[in-house]
Amino acid sequence: MAFTFTPQQELAPECEVNLQQVRQPQYGRYLEEYVPGQLFVHPRGFTFTRASIDSFSRTYMQCNPLYLDLEYAKAHGFNDLTASPQMVFNVVLSLGVQNDSEKVIANLGYYNAQFLNPVYPGDTVRAMTMVVDRKERGADKPGIVTIRTLGLNQQDQVVLQYERKLMVAYRGERLATIPVSDAPTPAFPWQETASVNLPQTTAKHLSSVPQSVTGWNTYAANFKPGDIIVHNNGRTITEEHFALTYQVGNTHPLHYDKVFSQSLSGPMSGNPIVYGGLVFAWLEGLASRDLSENAIWELGFTEGYHTQPAVAGDTVFALSRILSVDKAPADLSDLAEVITVQFIGVKNMTSAAAFEEFGADLFIKENNKKAMGKDKIPAKIFEIERRLLIKNAR
Amino acid sequence: MAFTFTPQQELAPECEVNLQQVRQPQYGRYLEEYVPGQLFVHPRGFTFTRASIDSFSRTYMQCNPLYLDLEYAKAHGFNDLTASPQMVFNVVLSLGVQNDSEKVIANLGYYNAQFLNPVYPGDTVRAMTMVVDRKERGADKPGIVTIRTLGLNQQDQVVLQYERKLMVAYRGERLATIPVSDAPTPAFPWQETASVNLPQTTAKHLSSVPQSVTGWNTYAANFKPGDIIVHNNGRTITEEHFALTYQVGNTHPLHYDKVFSQSLSGPMSGNPIVYGGLVFAWLEGLASRDLSENAIWELGFTEGYHTQPAVAGDTVFALSRILSVDKAPADLSDLAEVITVQFIGVKNMTSAAAFEEFGADLFIKENNKKAMGKDKIPAKIFEIERRLLIKNAR
Amino acid sequence: MAFTFTPQQELAPECEVNLQQVRQPQYGRYLEEYVPGQLFVHPRGFTFTRASIDSFSRTYMQCNPLYLDLEYAKAHGFNDLTASPQMVFNVVLSLGVQNDSEKVIANLGYYNAQFLNPVYPGDTVRAMTMVVDRKERGADKPGIVTIRTLGLNQQDQVVLQYERKLMVAYRGERLATIPVSDAPTPAFPWQETASVNLPQTTAKHLSSVPQSVTGWNTYAANFKPGDIIVHNNGRTITEEHFALTYQVGNTHPLHYDKVFSQSLSGPMSGNPIVYGGLVFAWLEGLASRDLSENAIWELGFTEGYHTQPAVAGDTVFALSRILSVDKAPADLSDLAEVITVQFIGVKNMTSAAAFEEFGADLFIKENNKKAMGKDKIPAKIFEIERRLLIKNAR
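Residue numbers (our numbering), protein chains in the order written: chain A, 1 to 394; chain B, 1 to 394; chain C, 1 to 394.
Derived from the structure by calculation, the hints contain no laboratory data. Predicted, not measured: the structure shown is a model, and the values here were computed from it. One thing to keep in mind: the hints can contain errors.
Because identical chains cannot be distinguished in the list, a pair is counted as satisfied if it fits within a single copy or across any two copies.
Taking lysine to any residue and the SDA-like style, the derived pairs with C-alpha atoms no more than 25 Å apart in a straight line are [as the list claims (entries may be wrong)]: (1) K224 to C15; (2) K224 to N18; (3) K374 to L175; (4) K74 to A203; (5) K224 to F5.
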């Protein structure tokens, strides 16, 4: 379909400027703009490639070869390199920012995240969000909004579902944001009892994978309830995080626009804050060699809190505590265990130093400390509970 | 084809050093080394991959899903993710730097850029340049060289053509640069009346694409001549730009070599200057959510000027002004409009603050201001006129 | 294979913290943990993609189109873009760090590196290391360990073999590191007389490749023994190197963990040191336009020493000296020459300034200088001898 276009002529000098004919589009929402039951179909999809899957894993220092080594992934029954669930989480959350959280004051927590299907190269993931609850706390205080988000692939299979709580201010006199679409609302297939689809042949394959290709200390039998694992290496985050924010599709200017960050007051002002999903990803990667190198699947996580922000120049470290070791479902019961982990991030001190200094207090949720008469730990940046499917050694 | 090589032995200690047997190859050209009619076939091609197309779009914060979402691109009749024309422009210009501009003092302007064919994953683009004009302005002043550059794919289809004006110093006593090849000169298929080839099925597909996957405010009907759009978010450029320069193939040391930058005097000295193509790319991305999310094609641009340099640490913002809304050619006339936009970049103040402070003067070309008795705006970094093919809402 | 999992319940508050049930896994080895004859099968493979091959070449400013331009690579008989041997070296060394060198004090040198097979997109490379020698120098001094490493593709073809010498401290009271696997030890196919496998059709293709796609000054005939080439452009390394370290799979915290770097004393303390493989890669790229743009293959290198560390902010430059020009093996003897090059890196001064200031001393190995009564050159960061197969002009 060929079209001929006339050469482009300069037009601006002849086109009079009318300073009143102006607009400044706003994205995200203020408190009064969320209504329980509302459904946002987020714009844009995200096509995964073998290279972006690999690059994400390497950027965040992932050691599980499922996300790095095509031969290993195939030997476990996967069709191709599989995107790390952490990447899928980062992408699905980010696709929703434009509707869900581009105006929020803070992300309060992640709950009930479940990864339901693998994402492969060539898959395109889209996201939808439903507003579940809006709690007002008086006219002079920000409210609390609860949302549920789904990520779906191009066959409309749910790859991820999770809940998030947000702290949101009233709009007041500010510019209005995105109008709610009047397009017909699609179904919102949230699963109360979530079903995880792993490749048909994973169980068969698991009984024949050579062990030499992963580490010695991360089979299911290496983990007992109560084990604390101090992960040795840290990662200094650089200004790379500005670009990484939009690599996963996150549009919030708090993470890449210094003029915006410097216009804020309070704990978020100053240098751009690292998008929390990236912090979680680095912490997961730093721990992976000691914890999840032999994971077959991340089942999900809950009770996730960013207890302090991170900025470029901060060095982050991780600790894990094994909370339970449970039988895997029938077909996998001889091959793997379900391991639940309390996962903690600290910054600017090694995890060994933090363990030495704060001991058991590291493992108490920061929000519970006030009621217990304890001080918060400023070096602690993250806490969450993760549930992993980890294979047995043969 | 197997070859056996003898083990490598250390040779250096036995090989006497002759300090006279030395050379220091130079690239780029000085004023007397450009001759109108000369044709440079630039070395190296650039193979696009699905991942590099995706990564470019994400680095520069592009929101048009044609460059991010495979399903969306296919739903518009494209074979695969398509490279953003902005990426194609960055690559084609950069492939020519070694011959065209690695010694120039400044890039004066871009003119008559037209994107004639999509570039897909697996395509390899090469570039050629013809010297169109050389204007000398006296022995003590740099001259002005006008060049035309073509980007061609592996089937010799022109994907981009544009003109550039360069400010170039005389060589004088300096080392000679690249000799002109004496290989036979290929044809230079510049099109005076440019023909744009979109996929055969784009028109058919446009009548059935779901609207939910893009934003609410960027269909053709959302734009009226005279509209001014203040794009809300900025992007702080980091030292990432050193690496991004050669990601698109640009070899000029001004953009990544601090020793070189510090050896200069004048406005380009100090820290490496961000390659202008990258600045344009970030500005385009920042505006895309409000302007081009529903563009089917970038037809091209003209009268493009980098009015101030940018360095790492600068935060850039964009404004758009709609100059005209015109009928699309026959097959597309019900489906899309041709929209011409004056596109402005500022730095280190929000576009809203710049609009407030400078008003209509933002939209006057900096080079015209002296004759009008007006001062230049130091915060303004870029100005250009873009022509877009934007679809109608259904 | 679908599994239903019960919703994840918060467990941490009910799971008592036992501070004694703690471990801190260590990687790498101390002197007493290396035993000559030991074989390490390194965990994780590395799957190459067309995009990661391209991205590596662009990050390190490679100009040889074999690694950038699919059409050119195919025109030389390669199946696809081929990974640069430099990338393969970086990856294979990095895959071994966890076993070989994550606790070493310094990398002393590279020897006898030979690239034996091309690596293509979709290939997965694994690595194995054999301990060849351990030299103790007294209880208060670090020892010297010599290792041999192989990189193998998914068909068990050796793609690279090389030797490395490491300076390693005694463990003493420190935490034990990785136990040696008791899995059966595979064969270790080191080749004393190495055989290089190039594509069957390379010789045929070489006689018909158009010359315009590469530079004018890098055919075999452009190089004579004794030629010194001062490469003009430098590259300022930024904090990008933190992330690039793990992009190639290197796990040593010296390169990305400021808390670790600041805990050290001596010349490695302070800011994270750039992983030496990356320094070599940038130097190779900076020289490639003048030296290896027409190379068909990197045969290998030896006597490679990082004579000073580099950190973010340093600008690196390269010089080459031609040591010999030798006949290529039979099938290639009319088409290419084997060229051996002494290759030098300097920092924070141009290579021209270093050549001017240090002259012939630049080309003396730093470790030989003391015996010659000469001072070391602090600006010199790297020295190596490379052997290249470079094609003739037709």
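Hint check:
For a Cα distance limit of 25 Å, the shortest separation of K224 from C15 across copies, 12 Å, qualifies, whereas the shortest one inside one copy, 73 Å, does not. With identical chains, the CA atoms of K224 and N18 are at most 25 Å apart between copies only, with a shortest distance of 12 Å across copies and 70 Å within one. Taking the shortest alpha-carbon separations for K374 and L175, neither the intra-copy value of 41 Å nor the inter-copy value of 33 Å comes in at or below 25 Å. Proximity of K74 and A203 under a CA criterion of 25 Å is satisfied intra-copy only: 13 Å inside one chain copy versus 36 Å between copies.
For the homomeric pair K224 and F5, the shortest alpha-carbon distance between copies (21 Å) is at most 25 Å, but the shortest distance inside one copy (70 Å) is not.
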